[in-house]
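Chemist: Chains as they are written, first to last, in the working numbering: chain A, 1 to 323; chain B, 324 to 646.
For the record, the hints were derived by calculation from the structure and aren't laboratory data.
Heads up, a few of these hints could be off.
To be verified - Simulated restraints on C-beta separations: (1) A:D65 with B:K477: 33 to 41 Å; (2) A:Q269 with B:Q610: 29 to 37 Å; (3) B:F540 with A:K154: 19 to 27 Å; (4) A:P98 with B:P412: 46 to 54 Å; (5) A:P89 with B:T548: 26 to 34 Å.
Keep in mind the model is a prediction, meaning the values are calculated, not measured.
Positions of the beta carbon are idealized from the N, C-alpha and C atoms, including for glycine.
2 protein chains.
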Amino acid sequence: MSNLFVGVELGGTNLRCAVIDEADGHKLVSRYETPTAAHEGCNAVVKRIGDGIIAAMKEAGVGPDDVRAAGVGVPGPIDQLRGIVHSTPNMPGWNMVPLADILQKATGLKTYVENDANCAGWGEYVAGAGRGVRHMMMVTLGTGIGGAIIIDGKLHIGRDGAAGELGHVCIIDGGLPCGCGARGCVEAYASATAVVRRFIHYLDDGWHSPLHEKRDFLTSYDIFTAAEAGDPVALRIVEETGHFLGVMASDVAELLNPERCVVSGGMIQAGENLFNAMRNTCMTRNQHPGRTMEIIPAALGGNAGLIGAADQAKVKLAAGDVI
Amino acid sequence: MSNLFVGVELGGTNLRCAVIDEADGHKLVSRYETPTAAHEGCNAVVKRIGDGIIAAMKEAGVGPDDVRAAGVGVPGPIDQLRGIVHSTPNMPGWNMVPLADILQKATGLKTYVENDANCAGWGEYVAGAGRGVRHMMMVTLGTGIGGAIIIDGKLHIGRDGAAGELGHVCIIDGGLPCGCGARGCVEAYASATAVVRRFIHYLDDGWHSPLHEKRDFLTSYDIFTAAEAGDPVALRIVEETGHFLGVMASDVAELLNPERCVVSGGMIQAGENLFNAMRNTCMTRNQHPGRTMEIIPAALGGNAGLIGAADQAKVKLAAGDVI
Numbered sequence: 001m002s003n004l005f006v007g008v009e010l011g012g013t014n015l016r017c018a019v020i021d022e023a024d025g026h027k028l029v030s031r032y033e034t035p036t037a038a039h040e041g042c043n044a045v046v047k048r049i050g051d052g053i054i055a056a057m058k059e060a061g062v063g064p065d066d067v068r069a070a071g072v073g074v075p076g077p078i079d080q081l082r083g084i085v086h087s088t089p090n091m092p093g094w095n096m097v098p099l100a101d102i103l104q105k106a107t108g109l110k111t112y113v114e115n116d117a118n119c120a121g122w123g124e125y126v127a128g129a130g131r132g133v134r135h136m137m138m139v140t141l142g143t144g145i146g147g148a149i150i151i152d153g154k155l156h157i158g159r160d161g162a163a164g165e166l167g168h169v170c171i172i173d174g175g176l177p178c179g180c181g182a183r184g185c186v187e188a189y190a191s192a193t194a195v196v197r198r199f200i201h202y203l204d205d206g207w208h209s210p211l212h213e214k215r216d217f218l219t220s221y222d223i224f225t226a227a228e229a230g231d232p233v234a235l236r237i238v239e240e241t242g243h244f245l246g247v248m249a250s251d252v253a254e255l256l257n258p259e260r261c262v263v264s265g266g267m268i269q270a271g272e273n274l275f276n277a278m279r280n281t282c283m284t285r286n287q288h289p290g291r292t293m294e295i296i297p298a299a300l301g302g303n304a305g306l307i308g309a310a311d312q313a314k315v316k317l318a319a320g321d322v323i
Numbered sequence: 324m325s326n327l328f329v330g331v332e333l334g335g336t337n338l339r340c341a342v343i344d345e346a347d348g349h350k351l352v353s354r355y356e357t358p359t360a361a362h363e364g365c366n367a368v369v370k371r372i373g374d375g376i377i378a379a380m381k382e383a384g385v386g387p388d389d390v391r392a393a394g395v396g397v398p399g400p401i402d403q404l405r406g407i408v409h410s411t412p413n414m415p416g417w418n419m420v421p422l423a424d425i426l427q428k429a430t431g432l433k434t435y436v437e438n439d440a441n442c443a444g445w446g447e448y449v450a451g452a453g454r455g456v457r458h459m460m461m462v463t464l465g466t467g468i469g470g471a472i473i474i475d476g477k478l479h480i481g482r483d484g485a486a487g488e489l490g491h492v493c494i495i496d497g498g499l500p501c502g503c504g505a506r507g508c509v510e511a512y513a514s515a516t517a518v519v520r521r522f523i524h525y526l527d528d529g530w531h532s533p534l535h536e537k538r539d540f541l542t543s544y545d546i547f548t549a550a551e552a553g554d555p556v557a558l559r560i561v562e563e564t565g566h567f568l569g570v571m572a573s574d575v576a577e578l579l580n581p582e583r584c585v586v587s588g589g590m591i592q593a594g595e596n597l598f599n600a601m602r603n604t605c606m607t608r609n610q611h612p613g614r615t616m617e618i619i620p621a622a623l624g625g626n627a628g629l630i631g632a633a634d635q636a637k638v639k640l641a642a643g644d645v646i
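All chains should be built: construct the whole structure from the sequences, respecting the hints.
Modeler: In structure tokens, the structure reads:
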């Protein structure tokens, strides 16, 4: 039997599909990418996913009989068991979409859906920075903060498939408002958007930084670069961000005592200043004898989500989950 | 083969041992209790545990050949696999004690050790308020705040056996100092001790309450009783306490998405005022579609720890863990 699986990553900007050889170190046999064009609405995007899967198979020179299953990572809450997408906060018009069923009919492949952050975390776990441990947390830093939790070698999705929402751990009760409606979530302090917002707040309070002239079109990347170059305001922001992430990670350590925390997303470009602040806060907070947790950057870059989606399809197929 | 197990609960004040029939609904066949007398030091207490196990077996009319194993719940961090107690914060002189080995020699029973809060949580899971679910959190409210996490029907202890420390989840970064050395832990706001401290703080700020005359010897129970009787300051403290616990519980819900949160310990006497405030904060914070978590009081009272310790011994014996 073949060990080929299809992995799909549905992003707000791009849709990516790959045929992956699970027997050959999660190697990408083919890779197809196209703009998601989310503004065209749900039906158009769903059709595009099916077409993308078929295109990836064609590029790999295989058909539905050669591929065992497809896994699709979706940016939003889903019902894994039924393959239904509840909604996608950043794409209009998605509401209780039976995505697995539709794609299965379109492609001829048994199809599973999973949350995109869970796919990326699972990808790092099986093929990247999480290899060799049994308990892992992954935190994905971007416009928002996502994550995944691996317990005893299994992706933990919880009762309703809604586990792993690391971005909405509360670090300051009553603190800054978060996009989720609550206050004080770590996402409101340490996402790329929040980093820029906090930096501008410092500027507006009269702190001096060479970045002042870029005030209205700053990115988190500008801030990380300035911190590396020695800008004390930028460095302070990076260290505070690491601290906030460290508070959240220390909460996960208190609750779950994982061996490793893998950090992914564009913000890991902030480098050791960010990581060391995060490690320092974790070490200071978690004084339990014997408790240790490595905090390291992700290893797979942009392929974690594809690899994880394909491998989750393999795991679910083996477990006999119905879609 | 018999289905008798011994459960032991080692408390700072009392030591309790029971022979429990796992085949008969976790029934306590015998129950032996004696003061721990922790001030006499580690060796005396360890000997007392062995004597207590033997006394419980004698009272049940059985011997080491009739009992399959013993489980001991210990108030402190332990190495479950080796049966070693790292330390016990509230009992002097315990430091890397090979408790399982010593007790096994003293009693003739295969012996397992586990954290006491984990035992209580497991007891509620198998025989109390946690029955019928797969993912559960238990929070134990007392002088400190402890807890346990059950994932997919298994007690989750983590890499170093240190998981389930719900009391040290940070709810306010940089907030009140906690006994653990960190700041802002939920224990610093919502333990019985913290409740009294916060109430006195209100009194000293000039709030009026009939409890003022008891200022120097208040207990959390006084405050809960006053809240029931309509004292607005006491009621405010109870509702704030429920809110703080709700923030912590909502963090666990974001991370793990359990079906049920079981709350145990003397403080559940605070009743529906406490529970409703906790539920309200959880509902407000956790807006993820499909995510739900019941928050209910524990059902077993003082026997949860004994039943959980005995049942964990059964689970570990079946899994073939070495001590």
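Chemist: Does each hint hold? Answer for all of them.
Modeler: To see whether the hints hold, each was checked on the structure:
In this structure, D65 (chain A) and K477 (chain B) meet the distance hint of 33 to 41 Å, their C-beta atoms being roughly 39 Å apart. The beta-carbon spacing between Q269 (chain A) and Q610 (chain B), approximately 31 Å, falls within the hinted interval of 29 to 37 Å. Between F540 (chain B) and K154 (chain A) the beta carbon distance is about 50 Å. The supplied range of 19 to 27 Å is therefore violated. Under the hint 46 to 54 Å, the C-beta atoms of P98 (chain A) and P412 (chain B), about 52 Å apart, fit the expected range.
As the Cβ distance of P89 (chain A) to T548 (chain B) is approximately 46 Å, the hint placing it in 26 to 34 Å is violated.
Against the hints set out earlier in the document, violations occur for numbers 3, 5.
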